[in-house]
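Per the numbering used here: the sequence shown = residues 1 to 651.
Hints should not be assumed to be uniformly reliable.
As the list claims (entries may be wrong) - Have a look at the derived ranges for each label pair, beta carbon to beta carbon: (1) GLY259 / ALA396: 16 to 22 angstroms; (2) SER245 / GLU569: 50 to 56 angstroms; (3) PRO273 / ASP540: 29 to 35 angstroms.
Calculated from the structure, these hints are not laboratory results.
Yeah, the Cβ is synthetic: ideal placement off N, Cα and C, and Gly gets one too.
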Amino acid sequence: MQLRSVILNLFIAAMLTSTAWAMAIEFSSFEKDLFEVTQSRDASARSPLSWSLSAGGSEDDVVTGIATSSDGSIYVAGNFIENIMFGDEGGLQATGLQYDEDFFIAKAFPNGTWDWMVGGGTDIGGDSVAGIALDSNEDIIITGLYCSGTAGEACSMSLGSLTALSKGQDEDEGNVFVAKLSSGGAWQWVESVGTVNDEIAIDVVVDSNDSVFVSLLFRGMLNVGSSTIPSGGDSYSLAVAKLSSSLTWEWAVGGFAAGDVGFEPFGGLCLGPMDEVYFAGSFLGDIMLNPMSLTSAGGSDVIISHITDNGSWGWGYSAGGVNDDWGTGCIVDSNGTVFTTGAFQDTASFGNASYVVSNGWFDLFVATSAADGNWSNVISAGGSGYESIDSMVVTANDDILLLGQLSSSFSLGSENLSTSGGDDILLAMLDNSGNWNWGIAAGGSGNDKGIGIALDSTGSAVSVVNYQLTATFSGAQNTSVGNSDLAIWGYSKDLDGDGITDGSDNCPADANPDQYDHDSDGLGDACDDDLDNDGLANHDDDCDMGATGWFSDNNSDHDGDGCLDASLEDPDDDNDGVLDDHPDICPKGPVGWISNASNDENTDGCEDVDTDGDGLVDQLDNCANLSNLDQADLDGDGIGDVCDDDIDGDG
């Protein structure tokens with residue numbers, strides 16, 4: 001148990017950092033000179049396929065999330081101690097000055113330069129941001145903590161001109177907040193939820209109706225608007241709450257823990273194509289997602305769960321083994337498939353779908369769930385050290401870009417990855433068929449970690465990372481000012497060298513600069529095994545660039561050659577060598593013979609076979625097995641009288 005605590009603390013330290021209020025600053029000449037000495041490097045760096053933009057101060061600074069807008073603007077959120085500089089564009093000073101921890105939100109232009117930055121927090125306690133998202137107007141929604149650790153003291157947070165946000169009672173340990181900023185960085189509103197105990201903000205997402213969903217951990221009685229949710233014990237329980245666009249808390253649902261163990265302090269929310277809400281995370285021991293209950297197999301287990309529109313648990317499933325297995329987040333593709341990711345130790349089972357075995361300490365995993373929540377598949381990768389995925393994003397082609405960390409050498413598909421020293425950053429692509437497309441490592445001799453990933457306006461990966469010392473991001477290099485700094489990393493991978501970056505390339509592994517897609521299925525012609533999407537592979541299809549919008553079967557494609565019978569692309573439906581308009585008297589005759597002088601003397605497209613020897617070929621004989629030269633058919637049913645069990649057709 002002691003070893004597990006050490007491992008978990010290291011994991012949490014990499015994912016969570018507390019903070020406090022901040023304001024944009026203008027340094028005195030002495031302070032500015034001193035700060036510029038410590039900030040003696042350019043905040044931005046570039047290489048042919050990569051750029052990076054950093055920010056930091058003399059202490060520890062971390063980034064916790066990223067969101068991008070339609071014009072390519074990049075919004076990042078994170079936490080800092082005392083002060084932080086964003087290149088030459090400006091900086092922030094913590095409210096409490098020395099050793100005070102505050103949070104920031106900053107905007108960068110698509111070209112990799114800082115635009116603006118704002119801070120928030122209080123002059124006592126800890127204040128931090130855990131998640132960031134954009135609404136339909138591309139304004140900014142964040143969630144985090146304020147006044148953390150201030151039990152017994154009065155504490156409130158002021159954000160711009162908004163009314164100061166009190167933590168409620170002096171006895172409170174601090175609360176979770178949700179706030180909105182305009183795309184220009186002006187505070188719009190702020191709301192809070194909390195208990196008298198401590199809470200942990202986890203994540204925030206915004207649906208197409210601008211409803212805000214927040215996830216958090218809590219102990220005690222959680223107040224959400226007019227609702228109160230009890231926890232299951234002394235350990236952390238989970239809550240997911242919905243805040244409407246009119247700032248009304250519509251509902252909150254709790255996942256209750258029993259005893260002295262419960263939910264782990266990390267995870268994430270994700271939305272489906274129809275605004276379905278999912279939560280991925282980890283738990284230890286017994287939990288209740290009313291009316292369902294789950295029990296971990298040994299150490300911590302992974303959980304993926306669905307919350308219904310009315311704020312109840314739809315389903316929840318766990319995965320894992322006897323050791324610790326951690327879920328860090330989820331994402332949903334355009335087909336509604338849910339992807340859950342994280343890290344696992346030793347052997348982890350994902351329902352009846354599959355199990356994975358680590359190659360060393362912790363390996364990364366990516367698991368999929370069907371619409372009903374059941375695990376459908378899982379893949380893993382890793383070496384002898386610690387490998388994890390912490391953030392994912394879906395491309396326009398339903399490929400998955402993944403960001404995380406690695407501490408050892410291992411193979412990812414055809415790529416051989418290695419570290420530059422301590423922990424490094426991992427960026428990879430999983431294609432829409434579940435295969436590793438590519439992967440790269442970035443970082444330096446310090447401990448570096450990928451935190452969040454999004455898509456830029458070209459469909460390429462743009463990530464936020466924490467790094468130490470000097471780190472190289474695919475050729476772009478930055479050096480930290482303090483113990484740790486943060487950076488935005490823009491990476492335009494072009495695996496096939498066709499000039500189209502992978503995020504927007506419909507064949508990322510096959511050069512196709514024209515991006516032709518005959519059947520408009522999202523797969524470029526250069527890598528599409530079925531160009532016309534008729535169900536026949538190109539090598540079996542005589543019309544592989546033929547008509548689209550149909551499927552080859554006996555009715556639509558009599559001879560199975562991949563050419564649509566009802567169109568001009570197939571002039572010989574039975575492939576007998578006699579064109580249908582020759583005319584072929586038997587246009588849909590038996591398949592597998594070719595008309596010639598010996599089997600089709602009059603070249604009418606009907607094979608000259610006369611089984612009953614009555615002088616009529618079988619295709620034209622209404623009783624092919626019994627001689628009936630006159631072809632009498634009293635009831636006109638197409639069956640000759642000599643072989644018709646009901647000659648008059650009266651039943």
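State the violated hints by number, sorted upward, taking the hints as numbered earlier in the document.
Violated hint (a single one): 1; every other hint is consistent with the structure.
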